[in-house]
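In order, the protein sequence lines correspond to chains A and B.
For the first sequence, my numbering gives the first residue as 9, with consecutive numbering after it.
For the second sequence, my numbering gives the first residue as 9, with consecutive numbering after it.
Calculated from the structure, these hints are not laboratory results.
One or more hints might be untrue.
For identical chains, the list gives no copy identity; a pair is met inside one copy or between any two copies.
[To be verified] The calculated SDA-like cross-link candidates involving lysine to any residue, where the alpha carbons are at most 25 Å apart (straight line), are:
no., residue 1, residue 2
1, K95, T71
2, K95, T49
3, K112, E163
4, K57, C91
5, K57, D92
2 protein chains.
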Amino acid sequence: MQNRADPRLLDAERLIQERLGDRRLDFDSMLAVSNIYRAATAVRRRAEKGVLSEFGLSWGGFTTLWVLWVWGEMQSADLADECDLSKGTLTGVVKTLEKRGFVKRTPVAADRRKVTVSLTGAGLETIEQLFPRFNLYEGEMVGNLSTSEKRELAELLRRVIVTAGST
Amino acid sequence: MQNRADPRLLDAERLIQERLGDRRLDFDSMLAVSNIYRAATAVRRRAEKGVLSEFGLSWGGFTTLWVLWVWGEMQSADLADECDLSKGTLTGVVKTLEKRGFVKRTPVAADRRKVTVSLTGAGLETIEQLFPRFNLYEGEMVGNLSTSEKRELAELLRRVIVTAGST
DNA sequence: TAATATCCGTTTGGTAGCAAACGAAATCGG
DNA sequence: CCGATTTCGTTTGCTACCAAACGGATATTA
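Make the full structure from the sequences, and use the hints.
Below, the structure written as structure tokens:
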């Protein structure tokens with residue numbers, strides 16, 4: 009089933025080389041980018057099926073709770089920025105979190121277009137209980153990597169984020 | 009605006025260190041995992057707004073076309089696997105691609121529960137025209153990295169995929 | 001200070017994604 | 001063979017996500 013041409017490549021990667029190897033393509037970039045995406049999917053899926061499902065939270069819901077925990081009460085637009093969501097999406101996520109009682113919205117008196125979002129007591133309790141467990145799970149996900157490899161990975165990705173994120 | 013405590017960290021990462029630094033947390037794993045996710049989002053968003061939108065394709069649609077190009081006609085379940093989508097999601101993606109005329113579904117005579125999916129002429133033409141451009145874009149996304157760094161990145165991610173992907 | 005422009009969060013309409021239920025088809029056990 | 005089980009792809013019901021349109025509120029400027 010598994011051929012062993014190059015143990016450093018995944019099976020699918022080998023097939024791609026075979027099929028496209030004669031074309032003038034940038035395989036190094038291709039493998040780097042596609043693995044970023046595949047890793048993200050795997051990581052998210054595992055988190056949602058594991059820790060997060062126990063708390064009835066999606067990845068987006070968790071992120072929002074976590075950002076509010078770290079940053080404290082914030083205005084809706086800033087929260088969207090920080091969660092890396094569009095403002096429209098954030099409205100929905102906050103609505104869901106509100107239903108669950110984790111978050112509350114407060115109109116801003118000085119400018120009535122604005123709204124701030126903050127954790128409720130239940131939300132705070134939840135994230136304080138959840139985050140350490142989430143962090144353990146993060147450790148598992150990259151458990152194959154040494155500390156210096158984790159730092160190297162984070163740093164390489166940081167440079168991709170900066171490039172891809174600009175504009 | 010920007011403090012310069014540690015230029016190797018993004019602004020948000022610094023704040024997190026400040027706010028959570030006294031807790032017993034695995035920061036190296038946290039930064040690695042969260043950067044995987046942020047990089048994937050940035051990369052996908054940029055691709056969809058750039059190259060893919062010109063062809064009216066989403067990331068999932070593109071992936072499906074691409075897999076069919078590399079692998080040829082395949083059965084629905086295998087296609088879902090290879091695209092890393094649930095079978096339910098794939099039904100929808102294929103339906104959309106069918107509407108656009110890029111893909112066709114063929115019932116399998118020997119087993120009438122099964123269906124194969126393959127590129128149409130238009131689909132083939134599209135992916136052959138699109139992929140080289142997509143690949144250029146991939147090159148831009150990781151343009152900050154040297155060849156050996158790209159390989160290092162791909163390899164580190166491969167190990168995360170294996171760990172996170174195994175149930 | 002009135003008309004205009006801009007800004008903010010929400011709504012809308014669309015695709016994407018999943019899990020679980022479903023129905024048709026094939027396979028298995030007796 | 002025939003009833004029970006398993007195996008397919010689709011459907012359903014839900015959340016997530018985006019862009020663009022919207023409508024109320026604030027700023028600008030003439």
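Hint numbers contradicted by this structure
Number 3 - this is the single hint that the structure violates.
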